[in-house]
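Asker: Here is how the chains run, residue by residue.
2 protein chains.
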Amino acid sequence: MKSGPKPAFLFDLDGTLVDSVYQHVLAWQEALEGIGVKLPNWFIHRRVGMSGGLVVSSFQQETGRILSKQEIAKVQELHGKCFLKRLNEVKALPGSCELLHTLTKAGVSWAIATSGNRGPAEKLLKLIPVEQDTILITHAEVQHAKPDPDLFLAAADKLSANIENCVVVGDSIWDLLAAQRARALGVGLLSGGYGEDELTRAGAYRVYRDPADLLAHLYETGVRPNHSE
Amino acid sequence: MKSGPKPAFLFDLDGTLVDSVYQHVLAWQEALEGIGVKLPNWFIHRRVGMSGGLVVSSFQQETGRILSKQEIAKVQELHGKCFLKRLNEVKALPGSCELLHTLTKAGVSWAIATSGNRGPAEKLLKLIPVEQDTILITHAEVQHAKPDPDLFLAAADKLSANIENCVVVGDSIWDLLAAQRARALGVGLLSGGYGEDELTRAGAYRVYRDPADLLAHLYETGVRPNHSE
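One line per chain: the protein sequences are A and B, in this order.
For what it's worth, our numbering labels the leading residue of the first sequence as 71, then goes sequentially.
For what it's worth, our numbering labels the leading residue of the second sequence as 71, then goes sequentially.
Chain A with its partners taken away, still in its complex shape (with noise of 0.2 angstroms):
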């Protein structure tokens, strides 16, 4: 008998692999200030994740005022500046190693695709060392961040894996949107600070609490790390 193939796994990094999404909203909220516009932490925190652009597309929706070519410019440098300046409070979640390690032992490809920049994105991939050069897919490489897909068919196609044999993780309702538009599987992780039931209506086809509790239930997305059959 034959069984389908086996999947591969294509991760987001903020809040999935490392510990930073609560460090991205107050530099956002910082951001902000300095362009002289006041949002909540909540609000914000449920659009970290989002390619940049949108983000701010959503702060001038929800503020009601149009900012300039030169403001949109300012407050995401101003993001990335502040969100420097928190990176050395940002630590690896629970079991992100562990996972990662266990996956390339079984043989299972993985790679990682962010909306964020590479700058940030290669000093945050230091937190979770691991024995492989890591294939990175950052905003830069596609045309549109989530919660389009193409940054995870621009991962999956750099691991010359079907996007349809693919599992897509992450702690945020664009992950789970955008897996969904590229027709992959997709898992949350709440270690990004929404609520289960949220990453559930976007498409989740399990919720788990952290990397430590994926790696726990793995076989339930289809890899059998401890025998090969």
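Be careful, since some hints might not be right.
Copies of the same chain look alike in the list, so a pair counts if it works inside one copy or between any two.
The calculated lysine to any residue pairs, modelled on SDA-like cross-linking and capped at a C-alpha distance of 25 angstroms, are [stated by the list, open to error]: (1) K76 to G104; (2) K108 to L154; (3) K196 to C167; (4) K193 to L109; (5) K193 to G106; (6) K193 to G165; (7) K193 to H287; (8) K161 to S230; (9) K161 to Q130; (10) K144 to E159.
Bear in mind the hints are in silico, worked out from the structure with no lab data behind them.
Go by the hints and put chain B onto chain A.
Answerer: Chain B in isolation, oriented as in the chain A frame:
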């Protein structure tokens, strides 16, 4: 015909009237690091609003590490210091002042009941200036903080209100569990960063975005701000 008595309103403070939850999360994380404990932000986030003692118990349960009396005292003291350091970032939530003002004008009595300490609570109250002296109940005035009902019972008592005619407004599941235990009507606000479903499952009669959104739907809670009948 006689209609039901006018409700009284009992408000939580952090995440309900002022935007301080994300600062509390990072303050707890920093405090925990000070005693060598690592916990992810999302896990801490979901425990903010409980009594400080229960928060620390939940940290012990999660890490499996029993803290000494000295460590418990130290982490609570550090949390206070780390939060104070971030206090200047905290703002009022949209609509807080307007909501309190409208209730006062409509002859509806209200009070604030927080699991926190009086010192920081009084500093936060300065962000929401109101005409009257505010009744503020803190952990020191009762035996058990949330999710026990003591804080809300004491606040209702101070207002000479029957707790069964009270509307409890809070952003965390701890407020809503306490409301149920007190037999008050619980209203959830998304402004502390919980998901809508989490608040509904904890017993919220209604869930609104923030104080401004509650103000816009005040009639759903039995208050008619614009006319007396």
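Asker: All the hints need checking, so say for each whether the structure fits it.
Answerer: Now the hints, each set against the structure:
1. K76 to G104: neither (48 angstroms within a copy, 44 angstroms between copies)
2. K108 to L154: both (21 angstroms within a copy, 21 angstroms between copies)
3. K196 to C167: The answer is within: 11 angstroms in one copy meets 25 angstroms, while 45 angstroms across copies does not.
4. K193 to L109: between (28 angstroms within a copy, 21 angstroms between copies)
5. K193 to G106: Cα proximity of K193 and G106: across copies only (24 angstroms, versus 29 angstroms in one copy).
6. K193 to G165: within (19 angstroms within a copy, 39 angstroms between copies)
7. K193 to H287: neither (29 angstroms within a copy, 46 angstroms between copies)
8. K161 to S230: neither (31 angstroms within a copy, 49 angstroms between copies)
9. K161 to Q130: between (31 angstroms within a copy, 20 angstroms between copies)
10. K144 to E159: both (24 angstroms within a copy, 20 angstroms between copies)
Going through the hint list in order, the structure does not satisfy hints 1, 7 and 8.
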